[in-house]
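A.B. asks: The residues making up each chain are set out below.
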Amino acid sequence: MPETIIPAGYFPIILFFVIALFFGLVTLFFGSLIRPNRPSVEKLSPYECGNPPFMDSRSRVFIRYYLVAVLFVLFDLEAVFLYPWAVVYHKIGMYGLVEMLLFIVILLVGYAYAWRKGALEWD
Amino acid sequence: MELKEIIFFILATATVLSGWLVVSLKNIIHSAFALLITFFGVGGLFVYLSADFLAATQILIYVGGVMILVLFAIMLSEKVYNVSIFHASKILPGLLVLGGVQVVLLRVMIESPWRIRAGADSVMRPTTEILGGLLLNEYLLPFEVISVLLLAALIGAVVLIRKEVKRRREGACL
Amino acid sequence: MTAQVLDMVKFLWAHSVLQIVIVFACTLMMVPILTWVERKVIGHMQVRLGPMRVGPHGILQGIADGVKLLLKENIVPSGADKRIFVLAPILSLVPAMIAFSVIPFDHWFYITDINIAVLYVLAISSVGTYGIILAGWSSNSKYALLGALRSAAQVISYELAIGLSLVGPLMMAGTLSMVGITKAQAEHWFLLPQIVGFFIYFVAMLAETNRSPFDLPEAETELVAGFHVEYSGMRFAFFFIAEYANMVLVSSMATVMFLGGWNPPFQMFEVMHVLQKVPGIFWFFGKVAFLLFCFLWVRATFPRFRYDQLMRLGWKVLIPMALGNILVTGIVLALLK
Chain A
1 MPETIIPAGY FPIILFFVIA LFFGLVTLFF GSLIRPNRPS VEKLSPYECG
51 NPPFMDSRSR VFIRYYLVAV LFVLFDLEAV FLYPWAVVYH KIGMYGLVEM
101 LLFIVILLVG YAYAWRKGAL EWD
Chain B
1 MELKEIIFFI LATATVLSGW LVVSLKNIIH SAFALLITFF GVGGLFVYLS
51 ADFLAATQIL IYVGGVMILV LFAIMLSEKV YNVSIFHASK ILPGLLVLGG
101 VQVVLLRVMI ESPWRIRAGA DSVMRPTTEI LGGLLLNEYL LPFEVISVLL
151 LAALIGAVVL IRKEVKRRRE GACL
Chain C
1 MTAQVLDMVK FLWAHSVLQI VIVFACTLMM VPILTWVERK VIGHMQVRLG
51 PMRVGPHGIL QGIADGVKLL LKENIVPSGA DKRIFVLAPI LSLVPAMIAF
101 SVIPFDHWFY ITDINIAVLY VLAISSVGTY GIILAGWSSN SKYALLGALR
151 SAAQVISYEL AIGLSLVGPL MMAGTLSMVG ITKAQAEHWF LLPQIVGFFI
201 YFVAMLAETN RSPFDLPEAE TELVAGFHVE YSGMRFAFFF IAEYANMVLV
251 SSMATVMFLG GWNPPFQMFE VMHVLQKVPG IFWFFGKVAF LLFCFLWVRA
301 TFPRFRYDQL MRLGWKVLIP MALGNILVTG IVLALLK
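Protein sequence lines correspond, in order, to chains A, B and C. FYI, the numbering for the first sequence is 1 to 123, going by the working numbering. FYI, the numbering for the second sequence is 1 to 174, going by the working numbering. FYI, the numbering for the third sequence is 1 to 337, going by the working numbering.
Next comes chain A alone, as it looks inside the complex (with noise of 0.2 Å):
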């Protein structure tokens, strides 16, 4: 493979990565040796403010959480888009201006909708 350049500015990020999970790892580990481990039924319930657990606590959720979601990768999309413009800015001008306004002002026509729809509201 003598062909691939080295991300040399990426390394020190990868070193940093396998520390941290090396010292996670490590932290739980040595935890487990000298600390107690005595379960018992009670102590292992999930809490529910001192009453017995009823009904599986892992039910259907909301879906506004899921509507948010959707919002949330739609504008962030539009957010990217925007960064390699922002670095570029300052060399283009007023002709890379009216383009992004364009890009935003059709995207401004979804949000204007979504917040008629009342899909920003949380009820």
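Everything labelled a hint here was simulated from the structure, so no lab data went into it. Among the clues, some could well be false.
[Unchecked claim] Simulated pairs of lysine to any residue, SDA-like, Cα-Cα distance not exceeding 25 Å: (1) B/K163 <-> A/R116; (2) A/K43 <-> C/I90; (3) C/K72 <-> A/T27; (4) A/K91 <-> C/K337; (5) A/K117 <-> C/I90.
[As the list claims (entries may be wrong)] From the structure, some residues in chain B lie toward chain C, with a derived Cβ separation under 10 Å: (6) S24; (7) N27; (8) F53; (9) A55; (10) A56; (11) G64; (12) N137.
[As the list claims (entries may be wrong)] Quick look at which bits of chain C chain B covers, simulated, 3 or more residues with Cβ under 8 Å: (13) 78-85; (14) 116-126; (15) 151-161; (16) 225-231.
All C-beta atoms in this analysis are idealised placements derived from N, C-alpha and C, irrespective of residue type, glycine included.
Starting from the known structure of chain A, fit chains B and C onto it as the hints suggest.
C.D. replies: Chains B and C alone, transformed into the frame defined by chain A:
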């Protein structure tokens, strides 16, 4: 073998293995977790292709956004945590699709002019600026069309989910 | 012998190993100090003394808490998904730590400088959300699941506001490299021209780290503790460390993007160049400490938001404001040219 090659092979192996786990694990949340590793691996491979902006957006969009969407979708559904998704009758069509995709991928792999510079200098050029320049000049039309696509997706999502919200409001859920 | 040691140190420094170890150790040591400071500051703001027992003025309180957590039993609740339950705290801790790799503390002290540093921090810190969702889901507890869902929805909503508020400084700096952005602020910080962006970032960073007044995921009076209610011992400590590391991280980001990083203030005046005698690292950490103090100040001052208010603020106020800020910045920059 040099260090960069060792890391490359670890990355590639992790990507492929976790990709295999995504389709083979029974618990769908475990699959989602494996998918997380796959996305990271792909991000790392982008770095090796000196596409640093793509690597960052890969993690930002897929790991930070799409995966959360997937997790919410799983939690939204009723009892999908332990299901088998293996269907014996679908092996043949599956293999056919797989073969077709492989042919296309192999062609791309062999024929595309990989723009990787030979490795004397280890400094990466900032791809973000190049991308910004290209998006605003050469590829302006596709760039603006993307916003229309995003708009369509946005309106679609709002229309679909509004119905569900109304229907669900009576039912009990977290 | 001494020369060999010196060579060794130089080698490790050149390969960033030493920087990583220093940053990692400092982040870990900072947690007990910060918890002590937090309790002290809020105590005095509410005319109480705060912790007083362990050491002079309770200064060893954080360390005592740490030792206690290390010795506590690790409980895995019945019905929990054991593997995910164990992995979630690590998934929360590791991103909070490795996001520091691109923060420049001084012109000679940063682990690495990559061309996409800003995006890297945003991307890596978004991974922490998984720790939260998976912890809540795997615990098999209603409170934990509800807290995790709320927290995840809140974090992703405000991540947008953060992402958009950073576009303004990027337009002025013209680079995504953190070192480059700091150098662009050698004379004028981006604070004044980007005051709106800074305001948006400040509000969003409180929400992003689940701090008061946006601490709904942990609302102790209704959700008991949110996503980590079933966690104990060292696993709980990992979530705790991650939360404080994230606080320092978002403060460092604010320092680099708006407050000039390691640059001393008022550098547009010739007279103030004397401030450069103070090493940049002191300026950097002074600014970070001030922002951390603001975290505590806000916590002692404001009551908690309601969840619908929180979502409305994020989606209907901060995001349009951030887009407007980008537009105004664009017009002004184009006119100045």
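A.B. asks: Does each hint fit the structure? Answer for all of them.
C.D. replies: Against the structure, the hints:
1. B/K163 <-> A/R116: The hint holds at about 15 Å.
2. A/K43 <-> C/I90: 24 Å, holds
3. C/K72 <-> A/T27: 13 Å, holds
4. A/K91 <-> C/K337: Holds: A/K91 and C/K337 sit about 10 Å apart, inside 25 Å.
5. A/K117 <-> C/I90: 40 Å, violated
6. S24: 16 Å, violated
7. N27: 8 Å, holds
8. F53: With Cβ-Cβ at 6 Å, under 10 Å, it holds.
9. A55: Hint holds; B/A55 Cβ to chain C Cβ min 8 Å, cut 10 Å.
10. A56: Interface hint status for B/A56: holds (4 Å vs cutoff 10 Å).
11. G64: 3 Å, holds
12. N137: 17 Å, violated
13. 78-85: It holds: at least three residues are needed, and the segment 78-85 of chain C offers 3 whose Cβ sits within less than 8 Å of chain B.
14. 116-126: holds (count 7)
15. 151-161: Answer holds; 3 residues pass the 8 Å Cβ test.
16. 225-231: Three-residue rule not met by the segment 225-231 of chain C, so violated; n is 0.
Checked against the numbered hints given earlier, this structure breaks hints 5, 6, 12 and 16; the rest are met.
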